[in-house]
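There are 2 protein chains.
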Amino acid sequence: MGRIICCGLGPGDPDLMSVRADREIRAATQVAYFRKKGRPGQARRIVEGLLAQNVCEYPMEYPVTTELAFDSKEYAQLLADFYDAWADRLARLAREDNVVVLCEGDPFFYGSFMHLYSRLQGRAELHVIAGIPGMAGCWNVVGQPIALGDDVMTVLMGTLPEEELNRRVNNEDALVIMKTGRNLVKIRRALTAAGRLEEAWLIERGTMPGERIARLEDIEPGDCPYFAIVLVHGRGRRRELCE
Amino acid sequence: MGRIICCGLGPGDPDLMSVRADREIRAATQVAYFRKKGRPGQARRIVEGLLAQNVCEYPMEYPVTTELAFDSKEYAQLLADFYDAWADRLARLAREDNVVVLCEGDPFFYGSFMHLYSRLQGRAELHVIAGIPGMAGCWNVVGQPIALGDDVMTVLMGTLPEEELNRRVNNEDALVIMKTGRNLVKIRRALTAAGRLEEAWLIERGTMPGERIARLEDIEPGDCPYFAIVLVHGRGRRRELCE
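Protein chains in written order, with this note's numbering: chain G, 1 to 243; chain A, 1 to 243.
Hints are computed from structural coordinates only; laboratory data are not their basis. Just to be clear, a hint being listed does not mean it is correct.
Which copy? The list can't say, so a pair holds if one copy fits it or any two copies do.
To be verified - In silico SDA-like pairs for lysine to any residue, Cα to Cα no more than 20 Å straight-line:
| hint | residue 1 | residue 2 |
| --- | --- | --- |
| 1 | K186 | V152 |
| 2 | K179 | R235 |
| 3 | K36 | Y226 |
| 4 | K179 | D150 |
| 5 | K179 | R237 |
| 6 | K186 | E217 |
| 7 | K73 | R237 |
| 8 | K186 | D150 |
| 9 | K36 | Y75 |
| 10 | K186 | W201 |
| 11 | K179 | G149 |
| 12 | K73 | G149 |
| 13 | K37 | A87 |
| 14 | K37 | L79 |
Isolated chain G, as found in the complex (with noise of 0.2 Å):
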């Protein structure tokens, strides 16, 4: 059985990755990420530089069509199979040599790795290296605390269904939203509802190049950035400590 070493590549910033993920991507000679059809990759421009002139790439290209929606049950299946499709294809790599997989962020922190992951238990000896996570990287340049003392901290989805979203938000402490685009609109209503809506940030490709930091307030209705974060800091309970 050969290694399948799934690297955390941090929030998009190649200097935030760890210095084992930074070791292996280095001393690979095949490397494996998932892309969009006729994209460059947002995994692959973190390493760009970092890769030895020799290595094979991989990229996994997301199955693609317009005919069918996002979420039926022909798309889940489209994606089983290309799953099933990559993850037999990276198991007979890996009796060759290791293979390098790349992963925006912390694999087990929502990972499209994870459906790789779960079908190659024992058909190959697997590596996942933790990496920031894509939230840390925005509460780190926005340069305040998302959490201190006995703060909560909810993470969730601008994917959930409204009724949920509402209920979530509605909270005094530190909140991650996270799959914003065309849910924006969705989650400005949540948090103007729960009084939230000018302590709100959001975070475009944090630590990346083109980086944009905004009040959600001051953002255009209809502006639906991609890799964007919104963030809602904790106040810090127990304040007499906290300063």
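Here the structure of chain G is known, so what remains is to put chain A in place on it, guided by the hints.
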């Protein structure tokens, strides 16, 4: 104005700190870190072998006294004076050369450095380097994704009042419970009431020497591990895409 650079050290394994933090720590001539009086200190242990030979070390020892309760007004004042004094000293040291402050995990995620950060505003050029949060190191060593798909993830402190802890834990999604120690009995009661005890993991010293990974239900009552986090994994909403 000199530079004060707070380096997030990640969960404990020195190989998991960022490339940038590693570089700053190796180049440092002045290094400061918190520790308990009479202890070597966790942050200092992580950088063992990385520091330059001629480095000046500044252990910032928490004021300890057995006369005062940890949550008393007097103890809070003692801590505030301690942070005031160290902010003054670091600002002075930074005029000579850069000062690197070590911080376990990610500095903006429940990090003690924030007590200095707020006091040092405008008195030095402040830089904070993100790190892998301790919790991410812990879910990595368990080897299962903490959250997938549309899972909600809630981060809680074991120090919360029992009524609130019970309410927050009564949740079908991913849970991270920090500040365990003597609160473990209360945490176990809350998870039992929510019907989630058998899914809960306890990770002690995750990614560090002496690491222990156990089912929470198998931990002896009365066992109060240090540096321990309780994890309950999300189930991956939208299962059809997640296997």
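Hints, verified against the model:
1. In this assembly of identical chains, the alpha carbons of K186 and V152 lie at most 20 Å apart only when taken from different copies (17 Å versus 23 Å within one copy).
2. In this assembly of identical chains, K179 and R235 lie within 20 Å of each other by CA distance solely across copies; the values are 18 Å between and 24 Å within a copy.
3. In the homo-oligomer, the alpha carbons of K36 and Y226 lie at most 20 Å apart inside one protomer (14 Å), although the nearest pairing across protomers, at 44 Å, exceeds that limit.
4. Taking the closest pair of Cα atoms, K179 and D150 come within 20 Å of each other only across two copies (9 Å); inside a single copy the shortest separation is 26 Å, beyond that limit.
5. Taking identical chains as interchangeable, the C-alpha atoms of K179 and R237 lie at most 20 Å apart only when they sit on different chains, with a minimum of 14 Å there against 28 Å within one chain.
6. In this homomeric assembly, K186 and E217 come within 20 Å of each other (Cα to Cα) only inside a single copy, at 13 Å, whereas the closest approach across copies is 40 Å.
7. Proximity of K73 and R237 under a CA criterion of 20 Å is satisfied inter-copy only: 15 Å between copies versus 45 Å inside one chain copy.
8. In the homo-oligomer, the alpha carbons of K186 and D150 lie at most 20 Å apart only across protomers (15 Å), although the nearest pairing inside one protomer, at 29 Å, exceeds that limit.
9. When the C-alpha separation of K36 and Y75 is checked against a cutoff of 20 Å, the pair qualifies only within one copy, where the shortest distance is 15 Å, while the shortest distance between copies is 55 Å.
10. Only within a single protomer do K186 and W201 lie at most 20 Å apart by alpha-carbon distance; the minimum there is 15 Å, versus 35 Å between protomers.
11. Proximity of K179 to G149 under the C-alpha cut-off of 20 Å is restricted to the inter-copy arrangement: shortest distance 10 Å between copies versus 27 Å within a copy.
12. For a Cα distance limit of 20 Å, the shortest separation of K73 from G149 across copies, 16 Å, qualifies, whereas the shortest one inside one copy, 44 Å, does not.
13. When the C-alpha separation of K37 and A87 is checked against a cutoff of 20 Å, the pair qualifies only within one copy, where the shortest distance is 19 Å, while the shortest distance between copies is 51 Å.
14. Taking CA atoms no more than 20 Å apart as the test, K37 paired with L79 passes inside one copy only; the shortest distance there is 14 Å, against 55 Å between copies.
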